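Engineer: Chains Z and D are the protein sequences, given in the same order.
Each residue of the first sequence is one higher than the one before, starting from 1284 at the first, in my numbering.
Each residue of the second sequence is one higher than the one before, starting from 6 at the first, in my numbering.
No lab work stands behind these hints: they were computed from the structure.
A portion of the hints provided could be inaccurate.
What the hints assert, rightly or not - Partner residues are not named here, just some residues of chain D that face chain Z (Cβ under 8 Å, in silico):
no., residue
1, K21
2, G66
3, Q72
4, N85
5, S122
6, M131
What the hints assert, rightly or not - Chain D stretches covered by chain Z per the calculated footprint, using a threshold of three residues with CB under 8 Å from any CB of chain Z:
no., segment
7, 87–93
8, 96–108
9, 143–151
Please read all numbers here as calculations on a predicted model, not as lab measurements.
Note that the Cβ used here is the ideal one computed from N, Cα and C, for glycine as well.
The primary structure of each chain is shown beneath.
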Amino acid sequence: MTAGTNQKRLDRRAAIRVLLAERGETLLVTGLGSTTYDAASVGDDEGNFYLWGAMGGAAMVGLGLAIARLDRPVLVVTGDGDTLMGLGALATIGVEAPPNLAIAVFDNGRYAETGMQPSHTDSAVDLVGVARACGIAAAIDIADEAALADFARAAQAKERTLFARVAILADEPPRVLPSRDGVYLKTRFRRATGVE
Amino acid sequence: MTGSDDWRDGIFAALKAADIRQVGYVPDAGHARLIERCQADPEIRAVSLTTEEEGIALAAGAWLGGQRAALLMQSSGVGNCINMLSLAKSCRFPLTMLVTMRGEWAEFNPWQVAMGSKTQAALELMDVLVYRVDEAADAAETVAAALEIAFNGGLATAVLLSQRLIGAKRWVK
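Given these sequences and hints, build the entire structure.
Structural biologist: In structure tokens, the structure reads:
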């Protein structure tokens, strides 16, 4: 299903709260822009790694992390723009199939950061279809909090690669800005997770 | 450095000695033997990429998770990496890219020359430290040195393996 105007959509801040409500040991990677603000709105966490650039890279950071830390659930929360820029990453992840990697794409069909211009998911592109075609069988469309909570629980189980396209409203809640110091974010993540 | 005379095996030994656990690559004739050795090693996860920039992000994720990664690519792939290298630079992620050169020694395909002739400059523009290997005898220790400086200092390094070393691609067989 593409991002039709009649589809039910979640508030993005409500959605991130549901995803992280019982995160447990989850390691979180967020994409450039709004999903980083979303994660920070729930509260900064040393197990969060926020991307402030490297657009198109969030899912692949998640893959490298998931391969290295099979003992921990790894959750990538990013946007439709970041996902579209690195669409090949879904093919690579489909091949690698790490059991502990879950990707949630907050899809508003917009480039919120640059003025709400429509993205390809606003019209032709169905990200769940893309993910399935890339071999990620457990790819679903989510537009309600109960399904999102189920997804978050499934991610904790570390049984298979998960992908969810989360339909969110095209709005811009107040920005919550975590640190932009990449070296700090990297080092505190490694220390908090016991690898440095 | 190794029992084998093949410089590719010497590079593999350098990767092992540096405890490289993830190797991202885009399939390449010049790296074929090294890729096969990585795929065959149970301690290395060899990850085939659709585009080289995926590897920069993969290596960052590996380091966040406490593993060391290296990337294998052709010179044309360096051009695909430029913006993603901002991830390595902004966060000082250690990174080593092993680059087989095209577009230089006896190149048949002029389309390879555009990127091949600018590969080193492009890397240096992004503050990647570049080392070049023209002689087979230098390959293993140059790779070892590049890995060492990358992981000791949180720096990005690249080793360019010259087309003369690899052998120009034969188009007419």
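Engineer: Check the structure against each numbered hint from earlier and tell me which ones fail, lowest number first.
Structural biologist: Numbers 1, 4, 5, 6 and 9, in rising order.
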